[in-house]
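*Asks:* Single-letter residue listing:
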Amino acid sequence: MKTLFSDLYKKLNTGFWPILIVFAFLVVGSISVYLSPRSLSAFLILITTPLILYFMKINMKIKIFIGLLLIIVILPVLGIRNIFYLEVIFQMAVFAALALGLNIVVGMAGLLDLGYVAFYAVGAYAWAIFGSKQMSLLHSIPGAAPANAPFFLDPRWFWLFIFLGVGLAAFTGILLGLPVLRVKGDYLAIVTLGFGEVVRVLALNLDKPINLTNGPQGITPIQRPPLPPEAVMQVFRNLLTPLVGHPPTDAEFYNVFFYFLALVIIAIAILVATRLEDSRIGRAWTAIREDETAAIAMGIPLVKMKLAAFAAGASFAGAVGALYAANRTFVSPETFSFLQSIGVLTMVILGGLGSIPGVIFGAAAVVLLNIQVLQNFSLYLSELRQSDAVIPIINFAWKNLSNQLDPAKYQKLVFGIILVLMMIFRPSGLIPAERRKRELVEDKE
Amino acid sequence: MKQFAASPVYKFFLFPIGQIIMFALGSSVGLSLITVLLAYVFKFNVTNFDLVERSLLILPQVVINGLTIGFVYSTIALGYTMVYGVLEFINFAHSEIFMVGGIVGVQLIAYFEHLGILATLNQYLVIALAIILAIIISGSLAVTVERVAYKPLRGAPKLVPLISAIGMSFFLQDAVRLILSLTTGEFNVILPQFGTFDEFLLVALPGMADPLRIQIKSVIIVGIAVLMLVVLNFLVNGTKVGKAIRAVAQDRPSASLMGINVSQIISITFLVGGALGGAAGVLFALKATKLDPFVGFFPGLKAFTSAVLGGIGNLTGALLGGLVLGLLESFAASYLSIFTNGAFGAEYKDIFAFAILIVVLIFRPSGLLGETVGQKA
Numbered sequence: 000m001k002t003l004f005s006d007l008y009k010k011l012n013t014g015f016w017p018i019l020i021v022f023a024f025l026v027v028g029s030i031s032v033y034l035s036p037r038s039l040s041a042f043l044i045l046i047t048t049p050l051i052l053y054f055m056k057i058n059m060k061i062k063i064f065i066g067l068l069l070i071i072v073i074l075p076v077l078g079i080r081n082i083f084y085l086e087v088i089f090q091m092a093v094f095a096a097l098a099l100g101l102n103i104v105v106g107m108a109g110l111l112d113l114g115y116v117a118f119y120a121v122g123a124y125a126w127a128i129f130g131s132k133q134m135s136l137l138h139s140i141p142g143a144a145p146a147n148a149p150f151f152l153d154p155r156w157f158w159l160f161i162f163l164g165v166g167l168a169a170f171t172g173i174l175l176g177l178p179v180l181r182v183k184g185d186y187l188a189i190v191t192l193g194f195g196e197v198v199r200v201l202a203l204n205l206d207k208p209i210n211l212t213n214g215p216q217g218i219t220p221i222q223r224p225p226l227p228p229e230a231v232m233q234v235f236r237n238l239l240t241p242l243v244g245h246p247p248t249d250a251e252f253y254n255v256f257f258y259f260l261a262l263v264i265i266a267i268a269i270l271v272a273t274r275l276e277d278s279r280i281g282r283a284w285t286a287i288r289e290d291e292t293a294a295i296a297m298g299i300p301l302v303k304m305k306l307a308a309f310a311a312g313a314s315f316a317g318a319v320g321a322l323y324a325a326n327r328t329f330v331s332p333e334t335f336s337f338l339q340s341i342g343v344l345t346m347v348i349l350g351g352l353g354s355i356p357g358v359i360f361g362a363a364a365v366v367l368l369n370i371q372v373l374q375n376f377s378l379y380l381s382e383l384r385q386s387d388a389v390i391p392i393i394n395f396a397w398k399n400l401s402n403q404l405d406p407a408k409y410q411k412l413v414f415g416i417i418l419v420l421m422m423i424f425r426p427s428g429l430i431p432a433e434r435r436k437r438e439l440v441e442d443k444e
Numbered sequence: 000m001k002q003f004a005a006s007p008v009y010k011f012f013l014f015p016i017g018q019i020i021m022f023a024l025g026s027s028v029g030l031s032l033i034t035v036l037l038a039y040v041f042k043f044n045v046t047n048f049d050l051v052e053r054s055l056l057i058l059p060q061v062v063i064n065g066l067t068i069g070f071v072y073s074t075i076a077l078g079y080t081m082v083y084g085v086l087e088f089i090n091f092a093h094s095e096i097f098m099v100g101g102i103v104g105v106q107l108i109a110y111f112e113h114l115g116i117l118a119t120l121n122q123y124l125v126i127a128l129a130i131i132l133a134i135i136i137s138g139s140l141a142v143t144v145e146r147v148a149y150k151p152l153r154g155a156p157k158l159v160p161l162i163s164a165i166g167m168s169f170f171l172q173d174a175v176r177l178i179l180s181l182t183t184g185e186f187n188v189i190l191p192q193f194g195t196f197d198e199f200l201l202v203a204l205p206g207m208a209d210p211l212r213i214q215i216k217s218v219i220i221v222g223i224a225v226l227m228l229v230v231l232n233f234l235v236n237g238t239k240v241g242k243a244i245r246a247v248a249q250d251r252p253s254a255s256l257m258g259i260n261v262s263q264i265i266s267i268t269f270l271v272g273g274a275l276g277g278a279a280g281v282l283f284a285l286k287a288t289k290l291d292p293f294v295g296f297f298p299g300l301k302a303f304t305s306a307v308l309g310g311i312g313n314l315t316g317a318l319l320g321g322l323v324l325g326l327l328e329s330f331a332a333s334y335l336s337i338f339t340n341g342a343f344g345a346e347y348k349d350i351f352a353f354a355i356l357i358v359v360l361i362f363r364p365s366g367l368l369g370e371t372v373g374q375k376a
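These protein sequence lines are chains A and B, in that order.
Quick note: the first sequence, position 247, residue 246 per numbering that gives the first Met the number 0, numbers continuous.
Quick note: the second sequence, position 210, residue 209 per numbering that gives the first Met the number 0, numbers continuous.
Honestly, the hints are just simulated from the structure, not real lab data.
The C-beta atom is built at its ideal place from N, Cα and C for all residues, glycine as well.
Certain hints may be false.
Unchecked claim - Chain B regions said to be covered by chain A (calculated; three or more residues, Cβ under 8 Å): (1) 143-153; (2) 161-172; (3) 270-277.
To be verified - Where chain B lies over chain A, by a calculated footprint (3+ residues, C-beta under 8 Å): (4) 85-94; (5) 174-188; (6) 231-237.
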């Protein structure tokens, strides 16, 4: 079975086949999404195109061209026809950036961090507190805020806050790292978990003595950065109207805007992660991961390198946090629960610890599973519930199935199964890291 | 005297009970003294009432609450510490084993109520049956989890079984929720009212105007927990299986060379730890009265903190750690609000455990009673 697949893969990956396959996916995917914007399978075809592109052996220039065509032209245009897809891709990008950050800590440096969303929360709350009316409501009781309170900062400050988010999160990472890096392995995991919970509980309860986070209600509205000037917008509007079928509204433009913003952040994240991996620091992290004692003996400054890993990983989350707060215009403590930390960890594990293409794939797959596949399964179940169908052997009528049984809410089940199965059957992930592959090859000789 | 010290009655009964009483008394008195001292220090900051008087007024109740929850933590912590002893890994799914025990126990009691015999049965028999059922289910679940999720991973790098355990924990939470909500959609389970557990025993203390009010529940929880701790002590220190468990914990390869079936001993360890966790679940349910599939998370983490606080891998340490943590939490929940004049309150008690954990790991990673575990951790 395995050889059959690898033979097929090899055969399809020679001559003109690869380019043909990629084009087939691209064209079929685009047309089917264009024609039926609500179909899940059409979207799945389109969204697997980048994956196929990654695996096929094509001239690098053509690869980049096709990739850019897909990302810059096809997806936004199709996305305006069905805004939901842009939302899905936005989430994929957000989680991919988070997964890339966590990958630095867990995959490269081998420090299991179970409280990663804490840094995400730091970035998000930084912009949420200063980019909303919260600063002028510090002394009012949550929920009883005066309606005419002014916004504290101009929305254009957002651009600064992305960088501030990076800095703040990195600082928090160092702050956490300093005391806890003395502990190792599974202790570290529990301490970081505790830290994640501490941040969440603080966000939940810091509505008194001064109302900093507005407690469980969360902060809203948070300002978005302004769209480009009207003249530029008019050009885009004219350009897109025939393609989309109606003049795009500002709300739709915002979706495209955040989509591109997320893409820029993910591009920078990929760049930073790859450069880090191949740098002196990256090699030091690998050494620490493989054998701490040997790493110290080789003269690697252990604490400094671990702190660097924490700070670098956290900074990704900080930037994404600010982006997320602006996109949602709302943050609440529930977004930053332990479940979310494990979700990001699941993405890293599924894709492959330490593998940059792997974790991006993992993030995309888990997001897709969460908000597309499970949703559709929920819909299917509710259809079954309304029918007269019966499960044959145990004679259980679908009608008696509880309304509360909504697969979309069973993320924990999915994450749990993925984690256990991956650990047992393929601990190196679906797209294992290059370095691990090299290590495996060397072992054979 | 020497003869008496070696006799089984002393070794397996008097000594452990004495130890428990000593730990309980020692930590309560110590923390009470610290609190009163703090009350004197902060006295002048607050003007509208006498801080010392007010602190003393609620002190006995705080101590009793702390001891009750402390014994539950101790019982759960033993599960963590035993598994850590033999496998050197954190059984993250232990909090779910605990949760399953509680839910199974409550469901049994609810079933009795459904049958209409709850009121006629002896209340202590009902509790005993619930605990026995919880022990059986939780014990076998723990062994199953070990077989499925941890056994294939022996010898893998340390993070691998830990991640698998986290996955198992998440899986169990939602699986229980799925089973509970399959037909009715309701996944909260509520302990039916029965017996005289909510009533108070009145104990007149010399020198105090009001008699001390102790809930019967608390007495039962502490009593059962002490009973289980004594049985566990006998099992680990007085039987051949216990000897084998200790041998495996000390040196697995050598134990295996001595003819001990290591994987069987590991299973037994999970069985014992799971059984304790299940029983603790029922005790917790008695106190909390309302459970849901996600209830295990915080008690589990706090129990783990207790295990670390006492020195992980050390059974006596887990007991002491649980008591200290339960008391600390109870003190924090009651006094934080009084001492800070309402600025911070009981809502911070959940993160209090983490603060303690971090402090312990920084200043004394081996815990209160543990030996150096530098390389283990």
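*Asks:* Quick one: see if chain B covers the region 231-237 of chain A, three-plus residues with Cβ-Cβ under 8 Å.
*Replies:* It is violated, with 0 qualifying residues against the three required.
*Asks:* How about the region 161-172 of chain B: do at least three of its residues have a C-beta closer than 8 Å to a C-beta of chain A?
*Replies:* Held - the region 161-172 of chain B has 11 residues with a Cβ nearer than 8 Å to chain A, which meets the minimum of three.
*Asks:* With a Cβ-Cβ cutoff of 8 Å, does the region 85-94 of chain A contain at least three residues near chain B?
*Replies:* violated (count 0)
*Asks:* Do at least three Cβ atoms from the region 174-188 of chain A come closer than 8 Å to Cβ atoms of chain B?
*Replies:* holds (count 9)
*Asks:* Given as covered by chain A, does the region 270-277 of chain B meet the bar of three residues or more with CB within less than 8 Å?
*Replies:* violated (count 0)
*Asks:* Count residues of the region 143-153 of chain B with a Cβ under 8 Å from any Cβ of chain A, then say if the count reaches three.
*Replies:* holds (count 4)
Hints 3, 4, 6 from the earlier list are contradicted by this structure; the remaining hints agree with it.
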